[in-house]
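For the record, the sequence lines run as chains A and B. Taken in order, the first sequence gives residues 1 to 99; the numbers are from our numbering. Taken in order, the second sequence gives residues 1001 to 1130; the numbers are from our numbering.
Heads up, a few of these hints could be off.
[Claimed, not checked] Residues from chain A shown here face chain B by an in silico Cβ test under 10 angstroms; the list is partial:
no. : residue
1   : L16
2   : V42
3   : L43
4   : R80
5   : L84
[Claimed, not checked] Stretches of chain A that chain B covers, calculated by requiring three or more beta carbons in the stretch to come under 8 angstroms of a beta carbon on chain B:
no. : stretch
6   : 25-37
7   : 48-58
8   : 67-76
I should point out that these hints are in silico values taken from the structure, not numbers from a laboratory. The beta carbon of each residue, even a glycine, is placed where N, CA and C say it ideally should be.
Read off the chains here:
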Amino acid sequence: MLLAAGAAGLVVAMTLMIVRAIIGPSQYDRILAVNSFGTKTVLLIAVIGYLFGRPDFLDIAIVYALINFVATIALMKALRYQSLARPLAASARKDASDA
Amino acid sequence: MHEALVWIGGGLVIAGTLLSLLGAGGVLRFPDVYTRLHAASLTDTGGATLVLLGLGLVSGLQLDTVKLFFCWAFIMLTTPAAANALANAAYGSGHKPRIGTFQIVPADKNIPADDGPAEDGPTGDGSSGK
């Protein structure tokens, strides 16, 4: 019962995060909202696993936590350099020498 | 004993959910990237701690406790790192904070990155104090 209420509250919080991700004025607001949405998704997967009596969902939650972090960093890199292929350190040195 | 642990764990899950809801409301209502980041990252780490600790109390001591600990450890490692990188990217792209009286320096002109904010803080406090 308490776990069901927790899962419902997490779904409401995720809905608010989706609203911020849609109306966010800048791209950083959207990345922030998606990152926080992913963290709440991890919690929701864990809570639903215990709610339905299948605690093996925790493996999926761990994998989602890792993917969430990597996706945030990759989004910011793609936003900054307009590409995922350029090496980060070399392009930073090039920008420093240009400026 | 186990019944009491289940109720306490459920209460902790509810508390973490309420913290996440509070953070979502803050992200919706705050006026700035940096204040939204503050609300989101603090309530994410705190809410994840409360929810996963509550689930650990519900499940009892078994293999899932280790999985819950690893999940908590990953969240506590990655959420502040992502928040730091996001604030750094927003600062580097020239986003100005809308709250507060300090002035942001453009990223090109701020060559000693470590000395700038450290020197600005005490002088700003001293001038306002005098």
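Do the hints match the structure? See the list:
1. At about 4 angstroms, the closest approach between the beta carbon of L16(A) and any beta carbon in chain B falls short of 10 angstroms, and the interface hint on this residue holds.
2. A distance limit of 10 angstroms between C-beta atoms decides the matter here; for V42(A) the minimum to chain B is near 7 angstroms, and the interface restraint holds.
3. Given hint, L43(A) at the interface with chain B, holds; its Cβ is 5 angstroms from that chain's nearest Cβ, closer than 10 angstroms.
4. Checking R80(A) against chain B: minimum C-beta separation of about 6 angstroms stays under 10 angstroms; hint holds.
5. At its closest, the beta carbon of L84(A) sits 15 angstroms from a beta carbon of chain B; the interface hint therefore is violated under the 10 angstroms criterion.
6. Interface restraint, the stretch 25-37 of chain A with chain B: holds (8 residues with C-beta to C-beta distance below 8 angstroms; minimum three).
7. Evaluation of the coverage hint for the stretch 48-58 of chain A: fulfilled, as 3 residues show C-beta separations to chain B shorter than 8 angstroms, against a requirement of three.
8. Given as covered by chain B, the stretch 67-76 of chain A passes the check, having 5 residues with a CB less than 8 angstroms from a CB of that chain where 3 are the minimum.
Checked against the numbered hints above, the structure breaks only hint 5 and satisfies the rest.
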